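Protein chains in written order, with our numbering: chain R, 1 to 360; chain G, 1 to 360; chain U, 1 to 360; chain W, 1 to 360.
Any given hint could be a false lead.
[To be verified] Ranges between beta-carbon positions, derived for each pair: (1) W/Lys86 to G/Arg356: 34 to 44 Å; (2) W/Lys86 to G/Ala268: 11 to 21 Å; (3) R/Asp178 to G/Glu261: 39 to 49 Å.
[Stated by the list, open to error] Not close to chain R: a few residues of chain U, all C-beta gaps over 10 Å, as computed: (4) Gly29; (5) Pro31; (6) Ser53; (7) His147; (8) Asp314; (9) Glu321; (10) Arg354.
Just so you know, these hints were derived from the structure itself, not from any lab.
None of these values were measured; they are calculated from a predicted model.
The beta-carbon is built from N, C-alpha and C at its ideal position, and this holds for glycine as well.
One letter stands for each residue in the lines below.
There are 4 protein chains.
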Amino acid sequence: MAGNSFGEIFRITTFGESHGKAIGVVIDGCPSGLTIDAGLIQHELDRRKPGQSAITTQRKESDTFEILSGVFEGKTVGSPIAVVIKNEDQKSDDYAHLKDAYRPSHADYTYEMKYGIRDHRGGGRSSARETAARVIAGAFAKQFIQHSGIEISAYVSAVGNLRLGKNYNELDLSKTDDNIVRCPDADIAEKMIALIQDTRAKGDTVGGVITCVIKGCPTGLGEPVFDKLHADLGKAMLSINAVHGFEYGSGFAGTQKYGSENNDAFYATSDNRIETKTNSSGGIQGGISNGMDIYFNVAFKPVATIMQSQTSVDKEGNEIELKGKGRHDPCVVPRAVPIVEAMAALVIADHLLRNRTIQL
Amino acid sequence: MAGNSFGEIFRITTFGESHGKAIGVVIDGCPSGLTIDAGLIQHELDRRKPGQSAITTQRKESDTFEILSGVFEGKTVGSPIAVVIKNEDQKSDDYAHLKDAYRPSHADYTYEMKYGIRDHRGGGRSSARETAARVIAGAFAKQFIQHSGIEISAYVSAVGNLRLGKNYNELDLSKTDDNIVRCPDADIAEKMIALIQDTRAKGDTVGGVITCVIKGCPTGLGEPVFDKLHADLGKAMLSINAVHGFEYGSGFAGTQKYGSENNDAFYATSDNRIETKTNSSGGIQGGISNGMDIYFNVAFKPVATIMQSQTSVDKEGNEIELKGKGRHDPCVVPRAVPIVEAMAALVIADHLLRNRTIQL
Amino acid sequence: MAGNSFGEIFRITTFGESHGKAIGVVIDGCPSGLTIDAGLIQHELDRRKPGQSAITTQRKESDTFEILSGVFEGKTVGSPIAVVIKNEDQKSDDYAHLKDAYRPSHADYTYEMKYGIRDHRGGGRSSARETAARVIAGAFAKQFIQHSGIEISAYVSAVGNLRLGKNYNELDLSKTDDNIVRCPDADIAEKMIALIQDTRAKGDTVGGVITCVIKGCPTGLGEPVFDKLHADLGKAMLSINAVHGFEYGSGFAGTQKYGSENNDAFYATSDNRIETKTNSSGGIQGGISNGMDIYFNVAFKPVATIMQSQTSVDKEGNEIELKGKGRHDPCVVPRAVPIVEAMAALVIADHLLRNRTIQL
Amino acid sequence: MAGNSFGEIFRITTFGESHGKAIGVVIDGCPSGLTIDAGLIQHELDRRKPGQSAITTQRKESDTFEILSGVFEGKTVGSPIAVVIKNEDQKSDDYAHLKDAYRPSHADYTYEMKYGIRDHRGGGRSSARETAARVIAGAFAKQFIQHSGIEISAYVSAVGNLRLGKNYNELDLSKTDDNIVRCPDADIAEKMIALIQDTRAKGDTVGGVITCVIKGCPTGLGEPVFDKLHADLGKAMLSINAVHGFEYGSGFAGTQKYGSENNDAFYATSDNRIETKTNSSGGIQGGISNGMDIYFNVAFKPVATIMQSQTSVDKEGNEIELKGKGRHDPCVVPRAVPIVEAMAALVIADHLLRNRTIQL
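Just chain R, with the same shape it has in the complex:
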């Protein structure tokens, strides 16, 4: 109800403010008997963490997690899994000047209106630091869905007006992490990095697009009416900070097509599996996975905090001038790749479990 939980059966609840004592997550409904590799969790956190490369914020955050419950002798036991990350060395004083200010395109104003009170330090609950909790939960979900042979791969497909211009199946997705922008095409990656560095030099920020591919998903996932698989994926992505759009399969481009162009013809493979010749459906038909690759795009707006002077107002409506201090991301998409994967994994894990209850 208060919006801090996600999923029906594989269900997570995140908590924590940017500059409070800790952030964390409770995962309820993770099946028992799953062997947990703590190294994989840390690996995912490291892909998300600030200060990881020349094109991210240089801020350092403690991203050392601690599992408090639900895992015994390396395996899940079916009880809720609580994981926390302590917040260390937060420079809360850096934010004192923002106590009464509403930063443009941030959540300061809307939180104040909604709650009548606000932890202004570093954005409080609205900080993207909350996504670290999602990445932890997603690492559990990934380990669960791998038992069903499902693999999720996201990558940066656009930064500003630089578009990758290739379909996912023309790319070698194992190369995504070979460069710091997380674009599997080395040539475009280099240009993207240059664009981000140039943007930072101007004290500005820039948007981008992440594409995500889910391979090995069995048929039958997704509920047919409101909880269509793509509707839940869409909500998952739109719940990530800065996301302003989602499309799957033929997406917005498909609106310009004719049915005769867009339809996916079924055929039987030589080993008598049923597949489609094309995949405008993005692996989902009637809201339910059909066994083909699932793929979708996620649109990120440019980061709101810029190093240029902007006008705004304070609580009393007085005009003020603001200028970003400290260390911020010039472009969020390189660090958002593991977040997109985590949210996708959570959706798939949940629907895998939901699908166990369908037939007699």
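With chain R's structure known, arrange chains G, U and W on it following the hints.
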């Protein structure tokens, strides 16, 4: 869990197959004391119904609704509101030849895989007829949110490659229903109608885009983390048949922008309300409404049923040839306008009620 | 949220007022592929219906149900199952004099306070007629759980101060429906019937107790902390009109025992199954079924409507005198037996499905 | 779904095993702007904690809590409130001999059957230590409902066959904590204490009853059909370890009454409030609070761990002999008083918030 319900407090559950005895909806959580205008419900259903114009399917469906409960002497009493529409004169025999066939880009195959059993007549539960139940529920939601001064207006902004090319605030949205394609710009509307008729003549179908605007929404709606207002709107739209994309505010175009271009500066109006000079945020910041207009685009793929011959397979994997029979929509967007509005109204109604529980 | 739904996966939503157009239920989450015997549904409804014997109300209600959706060619297809019963020949005028009156120990006053508006005819939504919808849903649940070999048997174990005085395993539960009071001991049944007839002759009503036994329940049902199996059974029973108490296993009597008396020792059967020698635990340990019989008692207060004159107040607080008119039950327990079974079946069905999602 | 959450709007999720790193709770949906008194939380924890008196277990547990999020400068901010208690100095080795044993009337066997894996140390997740998390959450709920003038008082009304024998309104409930057994009648309390000490001397345990009274509850709380206020209270109580029964108002005794005895006549007070002359209804009619005192009884079985030798089986079905080691409670009710109050407070807090959404 089984995906036939939507909303947390203002919660609906739809039921019914295309060619079963009836379809319907139960609305639970509609506040008591609301005067219901049955004429408004019928008006919305009429905007959605088949056979309404030269560019929709010529199929006739009974769209006469009956309220079974929850309304007493014209007012809601706080108990669940059940509404049904009987299915009459369904030509189920028309579908006998599809019993074992998987139509391309339909849900036949995925339903069979998921449930192991399928009501093949007219798509069964996957039929767009289910959206009539949403329109009824949305008509209740609209009447509720109008008490808070909120108005929702959707319109067709693209058909195939014909784009409207104007922002919503350059249009007179009261003119949307003046033409059969539901585009408020008469010139473009004429071209869209011609394109649809041309498409139908070729036995084909074409996609399109619907834009929706929500005016008068108070600040504070939306929950900050997973149930962001735009995430719930996105899920609502993506749950509509044939939708493949959603974007709000600056959307996909905003990914190409710099922060300095995209940010919305706050200022105080002469009567000391706080507003933003621009509205890239689409009326939502940090997932919470900020009092500005909310607007978003919804991408519809072309209808899957075409009057041209297509190859497919049957249950056994044998290659078959299929050709659409009967009467189908060449383009779904004109009839989808009230569905988009209904789903938006349901999201707003739910968040209005959720927001009553936030502060001490 | 508004309290008209029950269950997490096997989830029902009931609707309808006593004197509205219809009552009904939507069952969402019933697994696909279940063969439905309509005769069994009618049989359960007939056990609940008014006018069935000399000791129930002589009121006649239409209890002819119609399945609107979710069942195709005799089998469930996985979509929501909507079932309605039309309300016929309601004598709404009988209730005109109650429009502004608050009947003692009824819900008139509390509904008025909660909603600010009330359908006063026959108790509206608070009428026990709503339980017919539960019995229908329970009949689906019973058919589902029989596939797992689970059988539910309830019977009347007390009427007023007449107690049956035998444990369930000293009784032949197949004889419950052999008499009109639904007590499997013929001698006590006769006395109970006489007590009820005597009570009715005095224009009064009397309370009673129903005992319910669930046999064949597999180990592992129930969630360990808040959704303990007995907690969900308890809520289910307490949600039935007129129920004021619930106890399972050793119950209230067990509070007087020592641990050494109350504990159930485990042993291995000759075919190496693990059982307990005694069953104070009532088949549930730590909230989870242990494979032994589950049994519990449900306390029903005397029916509030009596044929004697009572004082009360109207909306304005004026003192009024009320006397029951028409035809009412002198004791609710004989007709409540199928309701208790229905609610138990719904809980077990739901937990059977929930339990499918627990292990890797 | 996995049963570790409770409440719809004021919703808690508890986590943690008895001998893991920590236990804790996330409270989501606590309204913003509530001033939190940490001393009150500690006070409630101290009432529950082991080792508090001569008649409880002498085990020492760390019950020092830490608030990780959701409270800023002493006030709730509307974000989830995470609170943890570290587990210190657990003697896990004490439990090594129980790794493969199923203790009688414990949850060892059912957890093993359900999950296929088990943290056997101190009962793991099934330990009553989990209730400390509920007491913390309840302390937040109490502070919230006090703003509406609601007060909750529980006390011990029976230990073994020693019954208090007085109605709550014949007692001075402010004296409950004056003695270590938490019975407000000093004479009976003394006898209860003697009975518990005698029971412990025999290496045995004994059951008991807690009565709870809620004063100042406004009219209108509770949802009418499945989420009746007493049904939610019943479930809350039945979810507490060792509880086997719940009754409210006239309860089981009321089943022996006639309607003419049991009905509560309405009257208007001199200041024109509507009240009832008697209160068999226990302050709830039709599932909704009527403004009178709410009261109910909760039945606790004797603690399963006794200091006498018992036979049982191990995983392989071999007969074993077990004898309780270490320090355990001879009677749970004195320490369960704050747990009953906490669960009652959580139910009332949730329904207070739910009730805000009912009327137009």
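Outcome of the hint check:
Between W/Lys86 and G/Arg356, the C-beta spacing of about 37 Å keeps the proposed range 34 to 44 Å intact. Taking the beta carbon of each, W/Lys86 and G/Ala268 are about 48 Å apart, not inside 11 to 21 Å as hinted. Distance hint for R/Asp178 and G/Glu261: a CB-CB separation of about 31 Å, inconsistent with the stated range 39 to 49 Å. Remark: the non-interface label on U/Gly29 conflicts with the geometry, its nearest Cβ contact in chain R lying 7 Å away (cut-off 10 Å).
Separation of U/Pro31 from chain R is inadequate, the least Cβ-Cβ distance of about 5 Å not exceeding the 10 Å criterion. The beta carbon of U/Ser53 sits about 36 Å from the closest Cβ of chain R, which is more than 10 Å, so the claim that it is off the interface holds. Remark: the non-interface label on U/His147 conflicts with the geometry, its nearest Cβ contact in chain R lying 7 Å away (cut-off 10 Å). No beta-carbon of chain R comes within 10 Å of the beta-carbon of U/Asp314; the shortest separation is about 38 Å.
Here U/Glu321 stays apart from chain R, with its beta-carbon at least about 45 Å from theirs, past the 10 Å limit. For U/Arg354, the condition that its CB be more than 10 Å from all CB atoms of chain R is violated, with the nearest at approximately 8 Å.
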